[in-house]
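Novice: Produce the entire structure from the sequences given, and follow the hints as far as they go.
Listed in order, the protein sequences are those of chains A and B.
Under my numbering, the first residue of the first sequence carries the number 15, and numbering increases by one thereafter.
Under my numbering, the first residue of the second sequence carries the number 398, and numbering increases by one thereafter.
No lab work stands behind these hints, which were simulated from the structure alone.
In this text the structure is predicted, and so the values were computed from the model without any measurement.
Backbone N, C-alpha and C fix where the C-beta goes; we use that ideal spot for every residue, glycine too.
It cannot be assumed that every hint is accurate.
[Said to hold, decoys possible] In the EDC-like style, the derived pairs of lysine to aspartate or glutamate whose C-alpha atoms are separated by at most 16 angstroms in a straight line are:
no., chain 1, residue 1, chain 2, residue 2
1, A, 131, B, 478
2, A, 165, B, 525
3, A, 176, A, 155
4, A, 131, B, 525
5, A, 189, B, 478
[Claimed, not checked] Pairwise CB distance ranges (calculated):
no., chain 1, residue 1, chain 2, residue 2, range
6, B, 497, A, 277, 44 to 50 angstroms
7, A, 126, B, 432, 51 to 57 angstroms
8, B, 556, A, 212, 32 to 38 angstroms
9, A, 62, B, 532, 41 to 47 angstroms
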Amino acid sequence: MIEKSDDIIKMEQAKIKKSEKKQSKAYEIDSHLVLKVNNLCKTYITGKISIQALQDINLEIRKGELVAIVGPSGSGKTTLINCLGALDFPDSGQIIYNVSNNGEGHNITEMSNREQKYMRLNNIGLIFQFYNLFPVLTAYENVELPALIAKKNPTLRKKKVKDLLKIVGLGERIKHYPTQLSGGEQQRVTIARSLINDPLLLLADEPTGELDTETTIQIMKIFLHLKDSGHSILMVTHNNRIAQAADRILTLTDGKIVSEKKAGKNIDDVYNIEFGGH
Amino acid sequence: MKRNKSITKAQLKTEEDHLDVDPNAMIQTFNLSKVYNMGQRIEIKALDDVNIAIRKGEFVSVMGPSGSGKTTLLNLIGALDNPTSGAVYIDGINTAYMNDLERTNLRLEKIGFIFQFYNLVPVLSTYENVELPMLFADKPDDLRKNKVERFLKLVGLSDRKDFLPSELSGGEKQRVAIARSLSNEPAILIADEPTGELDTKMGMEIIQLLHDLNKELNQTILMVTHDPAVGALAEKTFRMRDGKIIDVIQN
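Specialist: Right, dumping it as C-alpha cells:
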C-alpha cells in the first residue's frame with residue numbers, strides 16, 4: 015500500500031465531512047410535502063388567439079392527503095394534471111416532487127426527457143377517465159405493465175400485482191380482459207396499475223367521469239382507503255359531491271385557483287344528504 | 398408464420414369436432430352466438446348464429462348500425478371474450494380448446510389489434526408503445542430495436558419515435574397503433590373502427606396503409622367500420638343487423 019501524505023488524508027477527511035453534511039441534509043427531507051407547485055403558467059396559442067390555460071398556480075400536497083380540484087370544463091384542470099404528470103410542459107413555474115425543508119426536491123420542469131420519463135414511470139401514478147387499459151392484455155398483465163417496463167424483480171412483481179388487484183377487490187378477476195369487465199372494474203384495474211411502482215403521488219383525471227353513482231362511490235372509497243394507508247392523491251373532478259369527501263377542495267376557474275377550502279366529509283353522509291336518506 | 402409441428406391437445410380436440418372446416422380459411426366461425434343477460438329476465442342476443450369464413454390474405458370489412466354485434470364478433474374472434482355457444486377457428490384450430498398459454502400466444506403472436514381510440518399507453522413514447530407487445534413476448538433486445546425501427550419506418554413515423562401520444566395527431570396515433578399491431582408480425586389484423594376518430598383524408602391514408610400491409614405481409618385483415626366509403630375499400634363486406642350477417646358483398 016502506498017502511504018498517503020498528510021495533505022491527502024486531510025482532503026479526504028474534508029470530503030467525508032462534506033458528504034456527511036449532505037447526508038444529514040437528506041434526512042431533513044420533509045416527507046410530508048410530496049408536491050409543491052410554484053407560479054405555474056401555461057398559454058396555448060391557436061392562430062391569433064392565445065388562451066391562458068394556467069395562470070400562476072400555486073399548490074402543495076402533503077403525504078397521505080387527498081385533494082380534489084373542481085371547476086368547469088375548460089378551466090384548465092386537465093392541463094394542470096398533464097403538466098404535473100410531465101405529459102405537458104408549462105411555460106414557466108416549478109413542479110417539485112419530494113420537497114425538502116429548504117424547498118429543494120425533484121423539479122420536473124428542469125429535468126431532461128430521460129429524467130422525466132423516469133419520474134412518470136416510477137414516481138407518478140396516472141389514472142384517466144377512459145381507463146386506457148390495453149385491450150389485448152388481462153387485468154393481471156395490465157397491472158404488471160409499468161413494472162415490466164421499469165424492469166422490477168419478477169418474483170416481487172408477481173406478488174405485488176396480485177396484492178394490488180386484491181386491494182381494489184378484483185382478486186378473482188385477474189385473468190379477465192377489459193371487454194369482460196364493467197367500467198368500474200376497468201377503473202379499478204387502472205388504480206391498481208397506477209400503484210405498481212410505488213409512486214409518490216397519484217394523479218387522477220376525472221376518474222369517475224364515465225361511471226354511475228353507485229360505482230362512483232365505490233371508486234371514491236378505494237381512493238379514501240388508499241389515502242388512509244398513506245398514499246397521496248390529487249384528483250380532478252366534475253363531481254362536486256365526491257369532492258366533499260376529499261381533505262381539501264381547490265376550485266379552478268379560467269386557469270386560476272380561485273378558492274381553497276377544507277372538506278373531509280364522510281362519503282356516505284354526502285350522498286345520504288343529497289338523496290334524502292335513500 | 399411458423400407452424401408448431403408438434404400436435405397440440407387443442408388440435409386433436411378440434412379434429413373431433415367434425416365440422417366442415419374450409420382448409421383455406423384463416424378465420425372461420427360456426428354457429429357463433431353471444432347472449433348478454435341484462436338484469437334478471439332481459440337477454441340480449443349480441444351475436445346470433447354467425448357463420449363466416451375469411452381466407453388467408455383476405456381484406457374484409459364488417460358494417461352495420463350500432464349494437465348490431467360488430468365489436469362482439471371481433472372480440473370473440475380475437476379471443477378477448479368467450480362465446481355463449483358456437484366455435485371460432487383460427488388457422489384450423491378451435492380457440493375454445495386452447496389453454497391459457499396458447500390463448501396468450503394467439504393474442505401476442507398471431508393476432509394484431511387496432512382500435513378506434515388507439516389505446517396507446519399515454520406515458521410511453523411512440524417507440525416504447527410499439528415495443529410493448531415484444532416486451533411481453535420476451536423478445537431479445539436487438540430484435541426488438543430492429544423491428545420497432547423497421548415498423549416505424551413502414552408507417553412513416555421514424556422522426557416521431559420520442560414523442561408522447563399527447564404530442565401526436567389522431568392519424569399519427571393510429572399509425573403508432575398499427576406499427577404496434579405489427580410488432581410480432583401477426584398473420585391476422587383485427588381493426589375496430591380504425592378511422593372512427595379521423596377526418597376523411599387521414600382515414601383514407603390509414604386504409605391505404607392497411608391495404609399496403611395486406612399486400613406486403615399477406616396479412617388477413619378484418620375491419621369493423623361505420624363508414625360505407627371505408628368499408629367499400631375492402632375486398633369483401635359482411636353486413637350485420639341484430640347480431641346476424643344479413644348480406645355479403647364483393648367490392
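Novice: Are the hints correct? Go through all of them and say.
Specialist: Comparing the hints with the structure gives:
1. 131/A to 478/B: violated (34 angstroms)
2. 165/A to 525/B: Holds. Residue 165/A to residue 525/B sits at ~14 angstroms (cutoff 16 angstroms).
3. 176/A to 155/A: holds (10 angstroms)
4. 131/A to 525/B: holds (11 angstroms)
5. 189/A to 478/B: The given pair, whose Cα atoms are some 11 angstroms apart, holds under the 16 angstroms limit.
6. 497/B to 277/A: 44 to 50 angstroms: holds (45 angstroms)
7. 126/A to 432/B: 51 to 57 angstroms: Since residue 126/A and residue 432/B have Cβ atoms about 54 angstroms apart, the given range 51 to 57 angstroms holds.
8. 556/B to 212/A: 32 to 38 angstroms: Holds - the Cβ-Cβ distance for residue 556/B and residue 212/A, about 35 angstroms, lies within 32 to 38 angstroms.
9. 62/A to 532/B: 41 to 47 angstroms: holds (45 angstroms)
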